[in-house]
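Asks: With the hints as extra help, turn the sequences into a complete structure.
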Amino acid sequence: MDKTFQQTGTFLDECANTNDRMNLQGDLNDTELLRSMLAGSEDALAALYRRRQAGIYRFALQMSGSKTIAEDVTQEVFLFLMREGHLFDPARGSVGAFLLGVARNHVLRRLRVEQQLAPLGDDVDDDLPALQAGADICPLDDLTRAETIESVRRAVLSLPSKYREVVVLCELQDISYGETAEILGCAIGTVRSRLHRARALLLAKLRPAAAVEEQDSATVKSARCFA
Amino acid sequence: MNCQRFENIVSELARGQMMAAEQRGEALAHSDACEHCAARLRDEEMLTRGLQSLAAQMDHLAAPDQLEAQLLEAFRTHPGAAATRHFRSRYWLAAVAAVLLIAMSLVALRWRSNPVDVPRQAVVVPSSPKTPEEKPLREEPRRDVEYQAANDTPRQRITKPPRHRQVRSSENTQTASLGGNEIATDFIPLRYMNAANLQDGGQIVRVELPRSTLANFGLPVNMDRYNEKVKADVLYGVDGLAHAIRFVQ
Numbered sequence: 001m002d003k004t005f006q007q008t009g010t011f012l013d014e015c016a017n018t019n020d021r022m023n024l025q026g027d028l029n030d031t032e033l034l035r036s037m038l039a040g041s042e043d044a045l046a047a048l049y050r051r052r053q054a055g056i057y058r059f060a061l062q063m064s065g066s067k068t069i070a071e072d073v074t075q076e077v078f079l080f081l082m083r084e085g086h087l088f089d090p091a092r093g094s095v096g097a098f099l100l101g102v103a104r105n106h107v108l109r110r111l112r113v114e115q116q117l118a119p120l121g122d123d124v125d126d127d128l129p130a131l132q133a134g135a136d137i138c139p140l141d142d143l144t145r146a147e148t149i150e151s152v153r154r155a156v157l158s159l160p161s162k163y164r165e166v167v168v169l170c171e172l173q174d175i176s177y178g179e180t181a182e183i184l185g186c187a188i189g190t191v192r193s194r195l196h197r198a199r200a201l202l203l204a205k206l207r208p209a210a211a212v213e214e215q216d217s218a219t220v221k222s223a224r225c226f227a
Numbered sequence: 001m002n003c004q005r006f007e008n009i010v011s012e013l014a015r016g017q018m019m020a021a022e023q024r025g026e027a028l029a030h031s032d033a034c035e036h037c038a039a040r041l042r043d044e045e046m047l048t049r050g051l052q053s054l055a056a057q058m059d060h061l062a063a064p065d066q067l068e069a070q071l072l073e074a075f076r077t078h079p080g081a082a083a084t085r086h087f088r089s090r091y092w093l094a095a096v097a098a099v100l101l102i103a104m105s106l107v108a109l110r111w112r113s114n115p116v117d118v119p120r121q122a123v124v125v126p127s128s129p130k131t132p133e134e135k136p137l138r139e140e141p142r143r144d145v146e147y148q149a150a151n152d153t154p155r156q157r158i159t160k161p162p163r164h165r166q167v168r169s170s171e172n173t174q175t176a177s178l179g180g181n182e183i184a185t186d187f188i189p190l191r192y193m194n195a196a197n198l199q200d201g202g203q204i205v206r207v208e209l210p211r212s213t214l215a216n217f218g219l220p221v222n223m224d225r226y227n228e229k230v231k232a233d234v235l236y237g238v239d240g241l242a243h244a245i246r247f248v249q
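Residue numbers (the numbering used here), protein chains in the order written: chain A, 1 to 227; chain B, 1 to 249.
Hints listed in this document are in silico derivations from the structure and should not be mistaken for laboratory results. No residue lacks a Cβ here, since even glycine has one placed at the ideal position from N, Cα and C. Among the hints, a few may not be true.
Claimed, not checked - Label-pair distances were calculated between CB atoms; the ranges are: (1) A:A39 to B:W92: 15 to 23 Å; (2) B:A21 to A:K162: 29 to 37 Å; (3) B:D65 to A:G189: 39 to 47 Å; (4) A:Q115 to B:A38: 35 to 43 Å; (5) B:R5 to A:A91: 31 to 39 Å; (6) B:C34 to A:R83: 55 to 63 Å.
Replies: See the structure below:
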């Protein structure tokens, strides 16, 4: 019985130490975590990964439209960080911008390879999660909204990469112009002008769909009126 | 506000970006007055809503859990980044040291192989047996002396002129003593030298000769310093005759 209590106490101590470590890692900023990771701390790597992996994964997914590429890119980014993390210079930007810049390079490299094998549109995964509809949204609106989102997603994927990346970063990732400029290695004015051009291209691609949508919407409204 | 200025800011307006309140008010007033710009603003707002919906739809997506496990396993398996960096720095240090070593070796080799002002070793060729066709030595004052360069260059046969001038001034003659920073050639025989003549002793006298004398012994002469003098040690035998000479730098 004493032995069982002793083992239980040891287990609880280990749990407490683990929680302390995790809390400690949670208090550190990205640069400090990176420094700890480079010094050999596995906990720092885990904390940094949990903090940054989703953004990198989504960026790669929105840029490529492929889950496989997104997973590979996420893995490559953190392997790169483990190997070449000392290349990060805090004076040139944040760790998040650094990681997204690395992810961007990997995505563009993968897309170049993929484009040599097959057109991008054929590689787009169609198993992306369905729209999580609220209870107050009727199925027709839900379907319309889902179709709109799907058409927007396809329109974004069909943009040239230099326009697609600013749309993904500024619109979908909600990153500021300044940080986007750091990630892309260009001026803020370039980001702004590319985004303006990208939105014009998206509107041109979506305009026929929007016209059809408006027509359908008008039909539904008139049907409701007659009903 | 006109349509052109409205076009410049319509994206920012639809995205709800920060802008001056006055500018925003002017743009909205213009869109109320201009049907084309109002339609343009509606399109931009529709696009913004579509993009926001797409972002919201994908907001919960994340990399699969096994990816974290794989990365942590890779981190445990391979040396840490710090160790890798130290290894890389050591590797670069070794590479730089190797390059420096090679460069220094090349410079040393090049310096040693530079023939300018490098003394040559003179080797006396044993007198070959006389043949009937060969003239007597006194009639043929030239003596074959084979010089071998210090860097094992192919041997070349150079003939020596019959005589060379020697300056035997009592003022500038002194006993030769090579200092630590002096370089001298081996003694070059001036005449048929019998080793027995030197066994009785002799004297070395330091003299200065015209630099052109070097050419007489087949040594390289720096033409830029042709008119300068060169130091030499002359070996006198007990018979009072000069038997050999060496040049000192």
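Asks: Would you mind marking each hint as holding or not holding in the structure?
Replies: Results of checking the hints against the structure:
no., hint, result
1, A:A39 to B:W92: 15 to 23 Å, "holds (20 Å)"
2, B:A21 to A:K162: 29 to 37 Å, "holds (33 Å)"
3, B:D65 to A:G189: 39 to 47 Å, "holds (41 Å)"
4, A:Q115 to B:A38: 35 to 43 Å, "holds (40 Å)"
5, B:R5 to A:A91: 31 to 39 Å, "holds (38 Å)"
6, B:C34 to A:R83: 55 to 63 Å, "holds (56 Å)"
Every hint from the earlier list agrees with this structure, and none is contradicted.
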